[in-house]
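Enquirer: Model the full assembly from the supplied sequences, consistent with the hints where possible.
Those protein sequences? They're chains A and B, same order as listed.
Under this note's numbering, the first sequence has 31 at position 31, and the numbering climbs by one with no breaks.
Under this note's numbering, the second sequence has 86 at position 86, and the numbering climbs by one with no breaks.
Check each hint, because a few of them may be wrong.
Pairs involving identical chains hold if they fit within one copy or between any two copies, as the list cannot separate such chains.
[What the hints assert, rightly or not] Capping the alpha-carbon separation at 25 angstroms, the derived lysine to any residue pairs in SDA-like fashion look like this:
| hint | residue 1 | residue 2 |
| --- | --- | --- |
| 1 | Lys117 | Ser58 |
| 2 | Lys9 | His53 |
| 3 | Lys50 | Glu111 |
| 4 | Lys65 | Ser80 |
| 5 | Lys117 | Gln87 |
| 6 | Lys49 | Leu102 |
| 7 | Lys50 | Phe90 |
| 8 | Lys126 | Ala96 |
| 9 | Lys9 | Arg79 |
| 10 | Lys126 | Glu106 |
| 11 | Lys65 | Glu111 |
| 12 | Lys9 | Arg75 |
| 13 | Lys117 | Phe90 |
Simulated from the structure, these hints should not be mistaken for laboratory data.
Chain by chain, the residues run as shown.
2 protein chains.
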Amino acid sequence: MGSSETLGKLQISIMRVLWARGEATVNDVHQALLESHGLAPTTIATMLKKMEHKGVVSHRTHGRKFIYQPQVSERSVKRSMVAELAQRLFFGDKAALVSHLLDEHEVDPDEVAALRKQIAEASGRKGEQ
Amino acid sequence: MGSSETLGKLQISIMRVLWARGEATVNDVHQALLESHGLAPTTIATMLKKMEHKGVVSHRTHGRKFIYQPQVSERSVKRSMVAELAQRLFFGDKAALVSHLLDEHEVDPDEVAALRKQIAEASGRKGEQ
DNA sequence: GCGATTCAACTACCCGGGTAGTACTATCGA
DNA sequence: TCGATAGTACTACCCGGGTAGTTGAATCGC
Chain A
1 MGSSETLGKL QISIMRVLWA RGEATVNDVH QALLESHGLA PTTIATMLKK MEHKGVVSHR
61 THGRKFIYQP QVSERSVKRS MVAELAQRLF FGDKAALVSH LLDEHEVDPD EVAALRKQIA
121 EASGRKGEQ
Chain B
1 MGSSETLGKL QISIMRVLWA RGEATVNDVH QALLESHGLA PTTIATMLKK MEHKGVVSHR
61 THGRKFIYQP QVSERSVKRS MVAELAQRLF FGDKAALVSH LLDEHEVDPD EVAALRKQIA
121 EASGRKGEQ
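Expert: This is the structure in structure tokens:
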């Protein structure tokens, strides 16, 4: 846990495919990332194996092909990685991280507010149905 | 560059010593981190060498000892690393990162506001003198 | 002057992300 | 049936963070 949910660049790209589809074969992932990454199929396969060993995905067999599923949620990964960075840079003080974003990255509070509202409404709608 | 200003855990600890003192020998850094890290002196030396190769510190010689200096500011490192994470997790959308912090890490906006005010006042005082 | 101490240099690991070639096998199509 | 294809398994790199032992040289203290 914790640091084990920290994912590399490629790992996140792969997870995004898995999160979007629920499950996918090596080939599915490879196809999905072909345009943007242009990697060999074996690279995806190797990475998925490493990720399974790490516990962030799992697979079942269908015929002789592997169908991978995420074992960690996007939310959880985001939380872990953001917490990790806050730890590294701000001794775990997340308010300091927000302050840094506002002051040093010119993040517009109005934009944040709009985004949050949008998210709240979306999850509200989801909760109602 | 950009990613080259991304520092590991130990590297940040070392940088903090350098940032605080302006410059320091291997031994200074080792002493400073002894309590918290308890590492061998050669570990610090090796790391500093790697960091110099990476361009984040430099050294000059004094007698036969090396005096290291930071070559990147804390501000710059924070900016790089935060931007990197925003890139990885939110496609570079920093407002989304802030939104995530507020909603998923229970960051208190009042606390952030207080912190920012404090920082603004501190830098104001510094600017005046 | 000489032994003890203090440096840096060099070398050597481990680990994990990232990348991929090759080998082997099951299965599909003609 | 048999060759092509599709899949996984295995193996092998590179790189950089992290950790440290050993070695060789300069210098300090007696």
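Enquirer: Each hint should be assessed against the structure and marked as holding or not.
Expert: These are the hints, each one checked on the structure:
Taking CA atoms no more than 25 angstroms apart as the test, Lys117 paired with Ser58 passes in neither setting, with 35 angstroms inside one copy and 47 angstroms between copies. Taking the shortest alpha-carbon separations for Lys9 and His53, both the intra-copy value of 17 angstroms and the inter-copy value of 24 angstroms come in at or below 25 angstroms. Taking the shortest Cα distances, Lys50 and Glu111 never come within 25 angstroms of each other, neither inside one copy (38 angstroms) nor across copies (40 angstroms). In the homo-oligomer, the alpha carbons of Lys65 and Ser80 never lie at most 25 angstroms apart, since the shortest distance is 31 angstroms inside one protomer and 41 angstroms across protomers.
For a Cα distance limit of 25 angstroms, the shortest separation of Lys117 from Gln87 across copies, 22 angstroms, qualifies, whereas the shortest one inside one copy, 28 angstroms, does not. Taking identical chains as interchangeable, the C-alpha atoms of Lys49 and Leu102 are never at most 25 angstroms apart, the minima being 39 angstroms within one chain and 34 angstroms between chains. Taking the shortest alpha-carbon separations for Lys50 and Phe90, only the inter-copy value of 24 angstroms comes in at or below 25 angstroms, while the best intra-copy value is 30 angstroms. In this homomeric assembly, Lys126 and Ala96 come within 25 angstroms of each other (Cα to Cα) only across copies, at 20 angstroms, whereas the closest approach inside a single copy is 32 angstroms.
In this assembly of identical chains, the alpha carbons of Lys9 and Arg79 lie at most 25 angstroms apart whether taken from the same copy (16 angstroms) or from different copies (19 angstroms). For the identical chains of this complex, Lys126 and Glu106 are inter-copy neighbours only, at 21 angstroms across copies versus 32 angstroms inside a copy, given an alpha-carbon limit of 25 angstroms. Taking CA atoms no more than 25 angstroms apart as the test, Lys65 paired with Glu111 passes in neither setting, with 45 angstroms inside one copy and 52 angstroms between copies. Within a single copy, Lys9 and Arg75 get their C-alpha atoms as close as 16 angstroms, and across copies as close as 24 angstroms, so both meet the 25 angstroms cut-off.
For a Cα distance limit of 25 angstroms, the shortest separation of Lys117 from Phe90 across copies, 17 angstroms, qualifies, whereas the shortest one inside one copy, 27 angstroms, does not.
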